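Number of protein chains: 2
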Amino acid sequence: MCVKLIGIKNIPMIGQGDDVGTIIIEAAKSEGLEIMDHDVFVVAETVVSKAEGNLIKLDSIEVSEQALEISEKTSKDPRIVQTIIDESVEIIKVGPNFIISETKHGFVCANAGIDESNVETGFLKPIPHDSDESASIIRTTIESATGKNVAVILSDTQGRPFREGAVGVALGVSGIDPVWNRQGETDLFERELETTTIAVADELASAASIVMGQAAEGLPVIIVRGVEYAEKLRSTTSNIKPILRPKKFDVFR
Amino acid sequence: MCVKLIGIKNIPMIGQGDDVGTIIIEAAKSEGLEIMDHDVFVVAETVVSKAEGNLIKLDSIEVSEQALEISEKTSKDPRIVQTIIDESVEIIKVGPNFIISETKHGFVCANAGIDESNVETGFLKPIPHDSDESASIIRTTIESATGKNVAVILSDTQGRPFREGAVGVALGVSGIDPVWNRQGETDLFERELETTTIAVADELASAASIVMGQAAEGLPVIIVRGVEYAEKLRSTTSNIKPILRPKKFDVFR
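Protein chains in written order, with numbering that gives the first Met the number 0: chain A, 0 to 252; chain B, 0 to 252.
Because the hints were derived from the structure by calculation, they are not lab data. From a predicted model like this one, the values you see are computed outputs, not experimental measurements. Be aware that one or more of the hints could be misleading.
To be verified - On the chain B side, residues computed to face chain A include the following (Cβ under 8 Å):
hint, residue
1, I5
2, P11
3, G14
4, L57
5, E61
6, G94
7, P95
8, V107
9, F122
10, R159
11, P160
12, V178
13, T196
14, I209
15, P241
16, V250
Said to hold, decoys possible - Under the rule of at most 25 Å between Cα atoms (straight-line distance), these lysine-lysine pairs were calculated in the PhoX-like manner:
hint, chain 1, residue 1, chain 2, residue 2
17, A, K231, A, K247
18, B, K247, A, K72
19, A, K3, B, K247
Said to hold, decoys possible - According to the in silico footprint, chain A covers these stretches of chain B (three or more CB under 8 Å from chain A):
hint, stretch
20, 163 to 177
21, 202 to 208
From the three backbone atoms N, C-alpha and C, an ideal C-beta is built for every residue, glycine too.
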């Protein structure tokens with residue numbers, strides 16, 4: 000049993016209006032890489048946000064009272080704080096150098112996922128408005144062009160509570176369920192499994208991150224090939240919601 | 000750029016006293032799989048705990064007052080609660096069906112990582128006493144036999160705050176730093192990276208989990224081959240500590 004993490008070379012710098020799905024197909028073709036049934040494409044959210052023109056000009060941001068207050072506590076640029084507030088439904092924790100919030104998508108993360116890396120100076124890049132829809136557009140483009148069933152995961156790199164270092168996580172999915180519910184399956188001793196749900200979309204995003212890198216490597220799209228459960232978890236109506244813990248079950252809020 | 004996740008077949012059921020490193024070498028040999036420089040071996044902590052005889056007989060556990068109290072709140076077997084208390088330095092949160100604690104190793108997780116899966120009925124399996132040392136023994140066994148530089152990561156499957164579903168995480172490392180500090184590196188626009196530390200050991204554990212499965216597949220050892228940073232992060236004195244956030248920096252306690 001072997002799974003491959005294949006970094007697609009020749010993905011050009013993405014700009015507003017670019018068709019990411021078509022760019023992926025052409026880049027794969029240019030290196031003689033054939034797309035196969037049940038390939039899982041992990042796409043860095045950065046390229047999708049850029050293609051969708053989802054950039055905010057720092058100079059255009061009007062700063063509120065609340066943003067100024069949080070800015071003082073966090074030593075962050077008040078314009079960045081304002082954007083974090085605008086992208087969030089709840090500010091959960093504020094500290095000397097961090098803001099943890101729940102984004103309008105339902106992600107609990109630092110700085111509402113907004114970053115300045117890999118975007119032009121003077122701009123901020125929030126995460127895509129509808130990551131599942133963005134993933135779906137890429138999936139249907141690839142499927143139409145190739146006739147193969149594939150899955151697409153939009154990925155980001157985020158920190159976690161309790162553990163240092165960031166890891167790849169999924170922001171959006173299409174063509175695959177993000178969580179594998181294994182209830183009823185048994186272990187080697189024929190007892191029911193204790194860990195019955197696996198966050199497969201996050202594991203796939205973390206795996207892709209090994210190849211993707213975060214810096215100037217320029218490998219924003221990774222094919223995860225040979226994933227045994229990709230066929231079983233195939234879904235054309237999936238979304239990221241099952242991976243997001245509802246606030247009422249969140250013991251850390 | 001291609002990374003392979005290779006599940007080693009022919010790993011037999013592990014019992015107390017087994018030499019896991021030697022078993023891995025023999026299983027790889029039996030399927031004609033050559034071990035290569037900078038291969039990263041991700042080993043399910045279950046097999047190591049079993050080899051080390053790290054099992055607790057349920058019948059032998061004396062239950063304290065505190066365990067009875069927590070047992071009532073959580074509807075958990077008081078003997079399991081007692082073992083969680085014994086394995087922990089701090090009980091952090093208790094709820095209707097969960098206990099979150101900091102283990103004596105420094106892991107913040109549910110049930111102190113104790114499970115009953117894949118162990119004989121009537122026994123509990125805590126996580127290894129010293130996961131780094133366990134990883135180190137396996138690494139040196141493989142290195143002595145093959146003359147190759149390899150890394151070993153002991154992995155477990157754990158739930159997380161905020162996100163549903165469990166993912167593979169690292170409990171111990173040897174031969175590789177668990178965190179990659181990329182401070183000073185630049186992005187595509189030659190600006191310093193914002194996300195400067197990557198929890199590579201956790202990403203490798205999550206990647207391996209894609210192949211490992213949690214149930215009766217019997218693939219407890221995965222080789223991650225072709226990891227570009229494995230050489231750069233080579234260390235024969237590494238341990239898991241850098242991936243554990245000290246309590247004083249933990250904003251959720």
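Tell me the hint numbers this structure goes against, listed in increasing order. Of the numbered hints given earlier, those the structure breaks are 2, 3, 4, 5, 7, 9, 17 and 19, listed in rising order.
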